[in-house]
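Knowing the structure of chain A, use the given hints to seat chain B on it.
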Amino acid sequence: MKRYSAFALAREALSNHMGWERAWAAPQPKAAYDAIIIGAGGHGLATAYYLGKNFGITNVAILEKGWLGGGNTGRNTTIIRSNYLQDSSAAIYEKARSLYETLSQDLNYNAMFSPRGVMMLAQTHHEVRGYQRTAHANALQGVVTEFISPQRVKELCPILNIDGPRYPVLGALWQARGGTGRHDAVAWGYARACSAMGMDIIQNCEVKGITSANGVVTGVETTKGYIGTKKIGIVVAGHSGQVADMAGFRLPVEAVALQALVSEPIKPCMDVVVMANTVHGYMSQSDKGEMVIGGGTDGFNNFTQRGSFHHIEETLRALIETFPIISRLKMLRQWGGIVDMTGDRSPIISKTPVGNCFINCGWGTGGFKAIPGSGWAMAELMAKGEPGPLAAEFDMWRFKEGRFIDESVAAGVAH
Amino acid sequence: MLTLECPYCAVMADETELSPGYEAHLKRYGPGSSDEEFEAYMFARKNPKGVHFERWRHAYGCGKWFLAARDTATLEVFGTYTAQSAAPPQALQDKIKAKRPDWKGYK
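Chains as they are written, first to last, in the working numbering: chain A, 1 to 415; chain B, 1 to 107.
The shape of chain A in the complex, shown without the other chains (with noise of 0.2 Å):
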């Protein structure tokens, strides 16, 4: 891999551009792996190559259905935070939100990671003590989160209006070291440091089925044929449960859609990433001058990656009573992804009822801002097949033993 520096940049310039080398190398599927990874989205992207960087396993294959970064990758509206209540929620996250401080150093590519802090609106009184709870949560985990006032708020994001009828602004949850990154950088940057260190990402290519022998994986079958392995890990969200049921176990998993949006590109005029959970919206503004709208997930099962027009309608009515300023912008583009919800709201990193079969699943609603944390703790238990610290309390069984990891009174409306 020629690394990127401004020397390449400039040595590339005098030649016209001609000699940039493929970001990654588009390799036919070997007869067999030391482990396979379904799935090459962030997070099994993240997870091969914190299995190379961190325990020296290379001979890995990712396996993707469609286009590497094409799934909920690709759909998210890049935020990043790790203010959760409960501790191993704030383990992980914090964990994830402090590599990526550092991602574009480390994969040598632009990651665009931009700390420009994250505020979570208090808007009712329930939510002022919710919030004000979580941040002492945070101060005893070492996750830097302050309870601000509303001329704090204020301050900060000033299009923000604090004295709405129906929900004046309380204070805030703020956390000054979160943010948002460049979604598609991340896939693209795992994609190119994992096939530098030899892996194969092999797109285009579905598993169709999972098979074992007593009780332990052998391979996958795929369209592109059967490929052995010791180990496979499924990181597949939106698909967990099917991909599950080829390995024959069932997932505490339901699929439904959640949507996003952006509007026209307009001047730069908030600098934070505001999140309102009593009005059901969230927005920040991408470095094209589009405001990036998120909202709830649709209430029923669904794979379709096409939301319900009326929670359109939902998230864009709580915003512009949020910011009036946005009331005439047209909205260019609208698209949704399927998400894993568990019970809790918290997600699954696991072994499984199948020997050398391990699942990273249930991220819901927000699975981006997690992607270096998840593929850290997910790598970390497919090297030494039991989980680390980050990944011991998200085993699959806490359903069965009522362990939850209950983020859905912290962070349930928007992740």
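Since the hints were derived computationally from the structure, they do not count as laboratory data. Careful: at least some of the hints might be erroneous.
Unchecked claim - Listed next, the stretches of chain A that the computed footprint assigns to chain B, with coverage defined by at least 3 CB atoms under 8 Å from CB atoms of chain B:
#1 224-230
#2 299-313
#3 395-406
Ideal placement from N, C-alpha and C gives every residue a C-beta, glycine not left out.
Same frame as chain A, now just chain B:
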């Protein structure tokens, strides 16, 4: 927009008039059941990509719960029936089978 016919008041209700209730025909478990049974009742879901049976409530209408058969991959609605049904009506099952020959049944 998803439109379902309420089997009680026979109106075609828009999604905005309804509240979703997720998977139908779950077997209830209570005191005396094993951990596995209780987990299955509480959390394990079929979540199929294809034919699915769901509970819906006509929240802004008659207020009653009913059941619906729907395809989660195409959003096609096959039909609705009352919540007092222990299984989907045979006529509805036949209709789904005719449209989706690969369908393995509601169990």
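Outcome of the hint check:
no. : hint    : verdict
1   : 224-230 : violated (count 0)
2   : 299-313 : holds (count 10)
3   : 395-406 : holds (count 3)
Hint 1 from the list above is the single one not met by this structure.
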